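As they're listed, the protein sequences go chains A and B.
Throughout the first sequence, residue numbering follows numbering that gives the first Met the number 0, covering 0 to 331 in sequence.
Throughout the second sequence, residue numbering follows numbering that gives the first Met the number 0, covering 0 to 289 in sequence.
Among the clues, some could well be false.
[Claimed, not checked] Chain A is faced by these chain B residues, among others (derived, beta-carbon under 7 Å): (1) D61; (2) A63; (3) S179; (4) E183; (5) A187; (6) E189; (7) M190; (8) D191; (9) A195.
In short, the hints are calculated from the structure, not lab data.
Keep in mind the model is a prediction, meaning the values are calculated, not measured.
Cβ atoms here follow ideal geometry from the backbone N, Cα and C, with glycine treated the same way.
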Amino acid sequence: MGSILLENVSKAFGEAVIIPSIDLDISDGEFVVFVGPSGCGKSTLLRLIAGLEDVSGGRILIDGSDMTGTPPARRRLAMVFQSYALYPHMSVRGNIAFPLKMAGENREVIERKVTDAARVLNLTDYLDRKPGQLSGGQRQRVAIGRAIVREPGAFLFDEPLSNLDAALRVAMRLEISQLHQHLKRTMIYVTHDQVEAMTMADKIVVLNAGKIEQVGSPLELYRSPHNLFVAGFIGSPKMNFVNGIEAEKLGAATVGVRPEHITLSTSDGLWEGEVGVAEHLGSDTFLHIEVKDVGQLTARVGGEFTVRPGDKLFISPDRDRLHRFNEKGAAF
Amino acid sequence: MATLHTRTSARLMMAPAVILLLAWMIVPLGMTLYFSLLRYNLLMPGMESWTGLDNYTYFLTDPAFSTALANTLLLVAGVLLITVAGGTALAVLLDQPFWGRGIVRLLVIAPFFVMPTVSALVWKNMLMHPVNGLFAWIARTVGLQPVDWLAEVPLFSIIVIVAWQWLPFATLILLTALQSLDEEQKEAAEMDGAGAGSRFIYIVLPHLARAITVVVLIQTIFLLSIFAEILVTTNGGPGVQTTTITYLVYLQALLQFDVGTASAGGIIAVILANIVAIFLIRLIGKNLDT
Ligand SMILES: Nc1ncnc2c1ncn2[C@@H]1O[C@H](COP(=O)(O)OP(=O)(O)OP(=O)(O)O)[C@@H](O)[C@H]1O
Ligand SMILES: [Mg+2]
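From just these sequences and the hints, can you work out the full model?
Structure representation (structure tokens):
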């Protein structure tokens, strides 16, 4: 229904090459997340798949058939925009019904599908309101409702939660994941928030400057990042990188160690450091420790761990969870 | 202006401006009202006398009055129709990216800068003239009998001339409105399967509703008092075929030197303008809310 294959897809705006060349295989029913820093071409890639932007080269296959030049409406894809892009002069009902109306469905079918979608998305009480009279989360749900009534082969989301507050993001994140389990359709989800990527994805595509750095499941990317970029991007707080002499002692140009893979001790360890700032989250505490010859390291410890700024500590990275990178930044 | 305090001081601050504007409006209106109740002819200065509502009776029973009223409404409606439809079409065209768009936009705005008398004369002598006019030449070239526009279809011709002048205004306002339409909305509609036509009807037109309302209201105010174009081209004729209320007032005041009846006509024009305004606000005013 919704498998998508990108072959050698490239995109340039005039002289500026935004996407040099991308190959990507998305199988039916998968939840794929595109992550990457701002400006790396996530939205552009999504818009290429949607057909809102013409490719400069390569092919896009949807369900095995070449859709490279097909107009957006006939690709059987639905898109949820970051700004929601609701039609302000139509009621919620009108918004959700719009794609069905355009498809020429008859009135009873439209009514039934709109009612169903509204029920799934908890919008039944708001059907007669205008988008301007809804909260951000409700608008988001209307945008999703407009997408699901079309029963598309795949959903495309472009940072749909970035306008919502933190609590609502977490709730909507869960709702979208549940929707995916319920509909079992392909979803491509763009975000620059790696927590969203980790929690929602079956498969994460890490993009950097228009290139794919790595593709894999969240845990694959977490456990074995192919390079420094992915290692630094996936995981929160960020992985610590150690260069220079201390790294060479461990047999690599750069050594990466995740904050949660550090053992602290007051008596002995590999490095000695001084506690700078301690961030208490309740369940966890993040310690920023200044280590001579190594730089600042972040360590993640239990919430009950009590230290004060200025305390001296010994730090030992877990040897079997070290990430080693060569001069070019590739893992080995 | 949220609190009582700020509201009071705001009123105080605004008062001078409001009072000035009010005086500006009330004094001429009051004088017109006063003159309209006098028997006041410029040929007999110093002979003014009170006549009550006689002037109104004269003006309203003038054989040309009902024609003038109909002409006024036809002129306003015709020009509005052409400028709103044409302005929307032009705005949509000018919103498309094409080579030389800046210059074309400038050219489209140009007619607005031409004085009404000048443009009316150009239309009369260079375009619509039955012998020398461009239209007549075209007609002859394709082997048709040239039309004497201003004699055969005078009101239509004036509507065309005035519409030509006001088209840039409508286009400009509608174009800015069009440019404020969120690009993602159009893309969303495209994804939803709406073709160019449906996108125009369901997305673009509703978005333009408010701007169209503004265009209609502003133009109506000016169109009700169209005068120069009529004076220069047809002089209200042939017969009274292009005489509007405004022109009728002019006939009374300056050709018959009857200030009293002219003032009565002016007051009637004001009442007519208000009726039209109320009607329009009822009809399309809700577009201006929020
Ligand atoms: N229409 C366009 N014309 C020229 N350059 C463009 C156009 N659209 C995007 N770009 C450029 O392409 C690059 C990628 O943009 P894109 O919107 O895909 O980034 P993104 O990864 O979605 O970033 P963000 O996370 O900030 O949304 C940017 O450098 C941007 O300036
Ligand atoms: Mg983006």
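Hints versus structure:
1. For the restraint placing B:D61 at the interface with chain A, the shortest Cβ-Cβ distance is roughly 46 Å, beyond the 7 Å limit, so the hint is violated.
2. The beta carbon of B:A63 is not positioned within 7 Å of any beta carbon in chain A (closest approach about 45 Å), and the interface hint is therefore violated.
3. Using the Cβ-Cβ criterion of 7 Å, the hint placing B:S179 at the interface with chain A is not satisfied: the shortest such distance is roughly 12 Å.
4. A distance limit of 7 Å between C-beta atoms decides the matter here; for B:E183 the minimum to chain A is near 4 Å, and the interface restraint holds.
5. A least Cβ separation of about 4 Å between B:A187 and chain A falls short of the 7 Å threshold, and the interface hint therefore holds.
6. The interface hint given for B:E189 is met, as the beta carbon of that residue sits about 5 Å from the closest beta carbon of chain A, less than 7 Å.
7. Taking 7 Å as the C-beta cut-off, the interface hint given for B:M190 holds, the closest approach to chain A being about 5 Å.
8. Interface hint status for B:D191: upheld, as the beta-carbon distance to the closest one in chain A is roughly 4 Å, under 7 Å.
9. Proximity of B:A195 to chain A is violated relative to the hint, the smallest CB-CB distance being about 11 Å (cut-off 7 Å).
The structure fails to meet hints 1, 2, 3, 9 from the earlier list, while all remaining hints are met.
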